[in-house]
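In case you want the letters, here they are:
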Amino acid sequence: MVAFYLIGAISSVILNKKDSICSYFSFFSAAAGALIGAIFSISVIFGETFYLTPSQDSYLKFGFFVDKLSAFFILVISISVFAVSIFSTGYVKEYFGKKNIGHLGFLYNIFILSMIFVICANNAIMFLILWELMSIISFFLVVYEHEKPETRKAGFIYIVMTHIGTGFILLSFMIFAGASGSFSFETFNAAGMTMTPLLKDLAFIFAFIGFGAKAGIVPLHIWLPYAHPAAPSNVSALMSGVMIKTAIFMMIRVFFDFLGASGSWWGYVVLAVGTISAILGILYAVVEPDMKRMLAFSSIENIGIILIGLGASMIFFASGKPIISAIAAIAALYHLLNHSVFKGLLFIGAGSILYSTHTKNIEELGGIIKKMPLSAILILIGVLSISAMPPFSGFVSEWLTFQSLLLSFNLNNNFAIIMLSISAAFLALTGALAAYCFLKFFGMVFLALPRSEHARHAKEVNIPMLAGMGIFALLSILLGILPVYVLPVLDRITASFIGTGAFSQSISAGTFGMISIPSSQGISILTPVLLAILLILMLIPAIILLINRKTWQPNYETWGCGQPISTARNEYSANAFSKPVQMWFKSLYRPARETEVTYSSPYLKESFKFESRIEQVFEQYLYNPVVDFVMVKSRKAKLIQTGSIHAYLGYIFGILIILFMFVIAGGS
Amino acid sequence: MAEVVFGSKIMQLLIAFILVSTFMILGSTRLYSCVRAFGIQSFLLACVAGIVAYSTGKYDIYIVALLTLIIKSAVIPYIFIYIIREIKVKKEIELYVNISPSLIIGGTLVVISYYLIRSISIISELSSLALSASMSLVSIGLFIMISRKKALMQMLGILIMENGLFLGAISLTNGMPLLVELGIFFDVLIGVLIMGILIFRINKTFESIDTDLLKNLIG
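Chains A and B supply the protein sequences, listed in that same order. Take 943 as the starting number for the first sequence in the working numbering and just add one per residue. Take 404 as the starting number for the second sequence in the working numbering and just add one per residue.
In short, the hints are calculated from the structure, not lab data. Note that beta-carbon positions come from the ideal geometry of N, C-alpha and C, so glycine has one too. There's no promise every hint is true.
Simulated DEER-style distance windows between Cβ atoms [to be verified]:
#1 Leu1113(A) / Leu469(B): 51 to 61 Å
#2 Met1116(A) / Gly510(B): 51 to 61 Å
#3 Ser522(B) / Tyr1593(A): 19 to 29 Å
#4 Val1569(A) / Ser522(B): 43 to 53 Å
#5 Leu1113(A) / Pro580(B): 46 to 56 Å
#6 Leu1113(A) / Thr459(B): 56 to 66 Å
#7 Ile978(A) / Ile593(B): 50 to 60 Å
#8 Tyr993(A) / Leu596(B): 52 to 62 Å
#9 Leu498(B) / Glu1561(A): 43 to 53 Å
#10 Gly586(B) / Asn1042(A): 40 to 50 Å
#11 Val1569(A) / Leu601(B): 30 to 40 Å
#12 Gly1109(A) / Ile593(B): 32 to 42 Å
#13 Val583(B) / Thr1584(A): 31 to 41 Å
With the rest of the complex left out, here is chain A (with noise of 0.2 Å):
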């Protein structure tokens, strides 16, 4: 597996010239080291614990272990690698010619090597440096077209904020070293069970602040809406897909294995800040004219939703349910490895439109169903995904988040179960306001009529990149109508983190797909599989209608109602669409508008320019002023940078002189 990423990463600098065979090179063999990674990670899942030391020296220790989590981490990977590498042959196309197709195919293998091997490492130090290896390398992904200011801008943003994050993760580990006495993340393990609760407190909050800049949690998420636009979107997908998903596993790793869960509070910092990514997340996509800004943010969203699952699991572990405990965190991965199929599908689509018809403006395009069919159905699959409908993957795990959240009446402690009850509430309307962006997205990107020359000369994309997308939308429909299958693999996942196996004793599978969850009044019931069923019934007499549909004919005459919709601009727009959503949370996006006349004459009005903006409220209020106090303390500091080389040597000198004086008074 290492060994085809190493291929791909070399093969494609040597190669450089030739553009084409350079892709293939490069991607087909990330394909083939996904595939075996897959297999790979198949195995540890249902076998036993992978461990390779090669170094055992007592200076340098370090070496590679693999569980079931970090199997199930390296089987999401290599699942969206499959997909998007295969895309990306087809996608890199557009570069031929302008960009190095060498440098994308080296850092594109590099990044997903790096993130496997930040799955398997073992040992802080060595985490910390392929951690540090992975921030770089998607950085230089980020920039890769960096010809364009706003990418640069981007690049700058986030290699910031990561490393504020590994600032934290270092701390945070340091404090377990210091506990430990050695960097081993064994030693965390049994450190974590003897540290005091002052220390364990602080080693989460810092953990929890470090990853959480990666996962892109509110109010740390400043960085996606920028970083993943600017990127290529096959890297994109990957960075929203995969890369924010190696944080939440070692926010895993860290709760549960190192600190044993044990900290009443932590449980609901992670819910309430799940929940409000989750809501803020949706709220800032909804009006996002970009389209991979607005997926940016929808991933902000599904982290938050995550973190929802992964929070009431630890609520539910520190009051001693670890049943439901386990259905919470069965949720949680669930909708990672769902978020990461259906994420990577719509970045990718994303990237098809962004391809044929250079432009990721929404409200540049519109009516390319007809230009592109294949995509478009793709996509559509994409996004019933993601707005949670049945049968598709989203709603399986949405469900089983909400079941988790709602059997909180089991616990009793007040302030939990209104917490809990909270979050549920937040998450319903999350999961509306999805279902709202989504529609917008796809309504306005595809349907209607071309509301611009870019989205008038789309043309189906080519056959690679409908198979990467191909393969993520059967991944959705799968994960949706079959859950019965998946679930008791991810059971023996959380069965090793938590201790206990929910399957056996909660959930139980029946015919027909069907899974059911006990309560006390009764028994929550799915079948997904009946949902699809029942769906395609609905749907056949719709398909009769649509095959034996008459040639429609308009009548129109006198007030012209009936009439035809002829230009673009009758249409209603993408902005149009979300401005209820912008008017009900005005208080948060703090909408500016600015309206511009010019007139020839007094009473003709020759042009009329009208701008709306949101705000960027946690760029306004939070990062900004940190931001200016940093420059003027560094102006200050310019003061003593003159540039000249004799101040500088006057600095040396001076030092020196009161160095020698120093020495005068001590020794005499």
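Using the hints provided, position chain B relative to the given structure of chain A.
Just chain B, lined up with the frame of chain A:
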């Protein structure tokens, strides 16, 4: 032995002359005379090395003395003169600190160095003279780098510092291993060549070798 060597009258005289030559550099406004003074200083240094070699009987120090003579008092001054001729620089040195304050500061530095060495108790009374001279050379070299505008003088200043270090090293250890000395000589020579090239480049870019103009490089 070392104490005998550095206590002898001839040694004290040489060290005094080295200091005087440093003040010649500090007190002159002409590039040529600065270079000449540096040559004399290096020649005196070679003599010091020669006397150490004679009194300790180590042959490798003779080699060191010879190398000092060739490289520092012949080759490097020649490179300087070559640069001055090639880039047709004005012969005057431009100063931040005038000659008379420079001399006073130089004197103060010598006094400070003397007290500094005196206050380190482990050094014996006799070699402390050479050490305080070496300390003064280092600090005066640094001062020259600060107070003169021409890039050539920065180069000269660093060479004076190097001479000071050489004097200090030889007075403390009676000659370092030959290999180390050779390495240092090589460094100095290469350093001078690189700095010479750099000065050519500065001259080409700024039409002058006034390092004050480098201020324009900051953003």
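Hint check:
The hint said 51 to 61 Å for the Cβ distance between leucine 1113(A) and leucine 469(B), and at roughly 59 Å that hint holds. A hinted range of 51 to 61 Å holds for the C-beta pair methionine 1116(A) and glycine 510(B), which are about 53 Å apart. Between serine 522(B) and tyrosine 1593(A) the beta carbon distance is about 24 Å. The supplied range of 19 to 29 Å therefore holds. Hint check: valine 1569(A) to serine 522(B), Cβ distance near 49 Å, so the stated range 43 to 53 Å holds.
Range check, leucine 1113(A) to proline 580(B): Cβ separation about 47 Å, and the 46 to 56 Å hint holds. In this structure the supplied range 56 to 66 Å holds for leucine 1113(A) paired with threonine 459(B), their Cβ-Cβ distance being about 57 Å. At about 53 Å, the CB distance of isoleucine 978(A) to isoleucine 593(B) agrees with the hint of 50 to 60 Å. Distance hint check for tyrosine 993(A) and leucine 596(B): the Cβ-Cβ separation is about 56 Å, which falls inside the suggested range of 52 to 62 Å.
Separation of leucine 498(B) from glutamate 1561(A) is about 52 Å and conforms to the stated range, judged on CB atoms against 43 to 53 Å. With their beta carbons about 43 Å apart, glycine 586(B) and asparagine 1042(A) fall inside the hinted range of 40 to 50 Å. Separation of valine 1569(A) from leucine 601(B) is about 38 Å and conforms to the stated range, judged on CB atoms against 30 to 40 Å. As the Cβ distance of glycine 1109(A) to isoleucine 593(B) is approximately 41 Å, the hint placing it in 32 to 42 Å holds.
Checked against the given bound of 31 to 41 Å, the beta carbons of valine 583(B) and threonine 1584(A), roughly 37 Å apart, stay inside it.
The structure shown violates none of the earlier numbered hints.
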